[in-house]
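Please model the entire structure based on the sequences and the hints provided.
Sequence order for the protein chains is A and B. So that you can map any letter, position 36 of the first sequence is 36 in full-length UniProt numbering, and since no number is skipped, the others follow by simple counting. So that you can map any letter, position 27 of the second sequence is 27 in full-length UniProt numbering, and since no number is skipped, the others follow by simple counting.
No lab work stands behind these hints, which were simulated from the structure alone. Mixed in with the good hints there might be a few duds.
Stated by the list, open to error - Far from chain A, by Cβ distances over 10 Å, these chain B residues were calculated:
(1) Asp28
(2) Val29
(3) Val30
(4) Ala33
(5) Lys34
(6) Gly38
(7) Lys39
(8) Leu65
(9) Gly67
(10) Met90
(11) Ser96
(12) Leu97
(13) Gln100
Stated by the list, open to error - Within a straight-line C-alpha distance of at most 25 Å, the following computed DSS-like cross-link-like pairs (lysine-lysine) qualify:
(14) Lys127/A <-> Lys81/B
(15) Lys127/A <-> Lys117/B
(16) Lys39/B <-> Lys81/B
(17) Lys117/B <-> Lys57/A
(18) Lys39/B <-> Lys117/B
(19) Lys81/B <-> Lys34/B
(20) Lys57/A <-> Lys13/A
(21) Lys39/B <-> Lys127/A
(22) Lys39/A <-> Lys57/A
(23) Lys117/B <-> Lys34/B
(24) Lys39/A <-> Lys81/B
(25) Lys82/B <-> Lys39/B
Where a beta carbon is used, it is the ideal one built from N, C-alpha and C, also for glycine.
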Amino acid sequence: MKKPQLALHTTFKAACAAAALFGLAAANVAHAADADNGKVLADAHNCAACHGVNLNKPVSPEYPKLAGQHSDYVYWALRQYQMGNGNPHFGRNNAIMQAQVQSLSQSDMKDIAAYVESLSGDLVQKK
Amino acid sequence: MNKIVGKHVVIAALSVLAGYAASAQAADVVGNAKAGQGKVAMCIGCHGIPEYRTAYPEVYRVPVLGGQNQAYLENALHEYKKGDRHFETMHAITASLSDQDIADIAAYYAAQTPASKSNPDK
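If you want it as C-alpha cells, here you go:
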C-alpha cells in the first residue's frame, strides 16, 4: 500500500526539479544581457558621436567616459534618462540623452550597458 | 537698415556679456587634485570599495569615478547638490560641499590612472 504512493511522490519530486531547472534556464536565456546586440544598438544610436571613440574619448569634457563603467549603473542611468522630467523623484534631466533613449526597451538598455562594461578605457577604481 | 544693424550689434554685445558672466563664474573656482585628496573621506566609503552596491531605488554597483572627465564630475556633483540629479545619499553629501570642494574632488578623481597610489590619508 505504501510503495506506489512513495513512487508517485518520487516521480512528482523529479518532475518538480525538472520544471524548476527548465524554468531557470529559460529565464536566464531571456534576461541575459547581450553585449553584441548592445554594440549594434550603440552604433545605431551613434553614442560615439558624443562619448567618442570606444566610448572613452568624449568630444566635450562635460560628457562622461563610459568604457568599462559598471553595467548595472549604466542601465539605471539610461532608465533615469528615459523617465526624464516625467518622474520628479528619479528622472534625470538631460535633453540629448532623453531623446536618445526614448525608443529603447529595458532589454535594449541592458544590452547597451553590457556592451559599455565590456569595453576597456581610462576608468579606474582607486581610493 | 540701421535699425536692424543696431539690433544685431546689441544682441551680439549681450551674448558676449552673457558668455563672459558664465565663464567668469566658472573661472573663479579651479580644482586642485592635491587638495581634493583630503576631501574624499565621504566618497571612499562607497566609491572606494570594489563592486559596492547601493540598494535603493535599484540595486546597482555605484559608478567608477577614477579617470572620469573633471567637468562631468563637477557638473554631476552640482546637480546632486541642487537636486537636479536624484539620489538622497549624494544629495546629503554634496549639500555640505562648497564650490571649491566640488572642484577639488572632481580634479582628484579625474587625475587618477591605473598607476595612482591609494589615498595615503585613508
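Hint check:
no.: 1; hint: Asp28; verdict: 18 Å, holds
no.: 2; hint: Val29; verdict: 15 Å, holds
no.: 3; hint: Val30; verdict: 14 Å, holds
no.: 4; hint: Ala33; verdict: 12 Å, holds
no.: 5; hint: Lys34; verdict: 15 Å, holds
no.: 6; hint: Gly38; verdict: 13 Å, holds
no.: 7; hint: Lys39; verdict: 13 Å, holds
no.: 8; hint: Leu65; verdict: 8 Å, violated
no.: 9; hint: Gly67; verdict: 4 Å, violated
no.: 10; hint: Met90; verdict: 12 Å, holds
no.: 11; hint: Ser96; verdict: 20 Å, holds
no.: 12; hint: Leu97; verdict: 18 Å, holds
no.: 13; hint: Gln100; verdict: 19 Å, holds
no.: 14; hint: Lys127/A <-> Lys81/B; verdict: 22 Å, holds
no.: 15; hint: Lys127/A <-> Lys117/B; verdict: 8 Å, holds
no.: 16; hint: Lys39/B <-> Lys81/B; verdict: 16 Å, holds
no.: 17; hint: Lys117/B <-> Lys57/A; verdict: 24 Å, holds
no.: 18; hint: Lys39/B <-> Lys117/B; verdict: 16 Å, holds
no.: 19; hint: Lys81/B <-> Lys34/B; verdict: 23 Å, holds
no.: 20; hint: Lys57/A <-> Lys13/A; verdict: 55 Å, violated
no.: 21; hint: Lys39/B <-> Lys127/A; verdict: 12 Å, holds
no.: 22; hint: Lys39/A <-> Lys57/A; verdict: 17 Å, holds
no.: 23; hint: Lys117/B <-> Lys34/B; verdict: 13 Å, holds
no.: 24; hint: Lys39/A <-> Lys81/B; verdict: 34 Å, violated
no.: 25; hint: Lys82/B <-> Lys39/B; verdict: 20 Å, holds
Going through the hint list in order, the structure does not satisfy hints 8, 9, 20 and 24.
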